[in-house]
Structures are given as structure tokens and as C-alpha cells.
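Peer 1: Please take these sequences and the hints and turn them into a complete structure.
According to my numbering, the residues represented by the sequence shown are 9 to 191, in order.
One should not assume that every hint holds.
As the list claims (entries may be wrong) - Listed below are the simulated BS3-like cross-link pairs for lysine-lysine, each with C-alpha atoms no more than 27 Å apart in a straight line: (1) Lys-105 - Lys-89; (2) Lys-144 - Lys-89; (3) Lys-144 - Lys-105.
Read the hints as simulated data drawn from the structure, not as lab findings.
Note that the structure is predicted; figures quoted are calculated from it, not measured.
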Amino acid sequence: MTRKTPIIHQQTIIASTRQFSIEQLELEFPGGEMRSYERLVRRSGHGAVLIVPLLDADTVLLVREYAAGLHRYELGLPKGKIDPGEDALGAANRELKEEVGYGASRLTRLHTVSLAPAYLEHTIEIILAEQLYPEKLPGDEPEELEVVPWPLHRITELLAGGECSEARTIAALYLTADHLRHR
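Peer 2: Given below as C-alpha cells:
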């Protein structure tokens, strides 16, 4: 069923940081109901990428990095923003070189996912990186990231270990496993 989207009568930025703005929306729904919504909007409108680097047919390269939201180190996939003038595949290869120390000769867009779409304007392109070759670029991380090879067929063990909880990483790993099974 296709629904008509609400009419936006007013959009107001009510707070801003370096990365996000909080926007208040005054909406009128098709049935006439009026509501105020708040959402986080990106300040940089270029999007983001999450990369699944395959070292071989069954080994994915994860990175261990500090996660400020949870105040702990988390195992996950490399990710980053798409810079002005870049496309998603170019950004994925750059981020891979910066965070993992590899480039990829083969890049495939798997899916676009959103995160909390009810109140967060954020999508990320999941990119499969294959045919890796060593190449390191300087990145913007405050410390060297630990690269952890992990067998893709052991996703359940990775999750049970408690170090990997990010939904985007989990979704990307399962999407990759499914993609490889059907290729």
C-alpha cells in the first residue's frame, strides 16, 4: 500500500554540533492530524560507506576501534564518510586503505541501510571489497586500528564474544555471507 507522505509546514534547526543538527518538523498527516517531530540530520550531505573487506573467500577483515557511544573498544567493519567529489566506491577504497592498509581491485555495492529512520537521517552504503592488495594511506583516527581477520562462517561466534554489537556491521556480514552463497 502506498501512502501519501505528510506535508512539512515548517523545518527549524533547534541545535547543532560539528556533525549533526537537530531539526524540528511541523507535519500535517493526510488525515489532518498535526504533529511535531524531531530528527537528527547530517551536516555533511555526502553519505557514508561501510566496507566488508574479504582477504580470501572466507576471511573478513574487522577493525577494533574505540566506540565513544559505548565507551569501549568494538570490533566492526571499516567505515567512513563520502568526501565531496567522491562516489561510494571511491570512498570505500580510500577508507579501506586508511583503516585496514589494503586497497581493493573489486568493489561491489551490496545494499543501502538506514539506522533508526524514525528520527535519524542516516543511510550507509554497504560495499563488498575483494581482490585486496596492500596499500596504506594516512587516516584521521587518533590511534592505529587493530585489524582482526575473522572467518565469515563464524559470525555467530563473533557475536557471542560480545565485542561486536553494531547492527550495521552485523547486517553487512550476513548480507555478504548470503551474497557469496548465491554468487
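Peer 1: For every hint, state whether the structure bears it out.
Peer 2: Against the structure, the hints:
This hinted pair checks out: Lys-105 and Lys-89 have alpha carbons roughly 14 Å apart, not beyond 27 Å. For a cut-off of 27 Å, the pair hint linking Lys-144 to Lys-89 stands: about 18 Å separates their Cα positions. At most 27 Å may separate the alpha-carbon atoms for a hinted pair to count; Lys-144 and Lys-105 meet this at roughly 5 Å.
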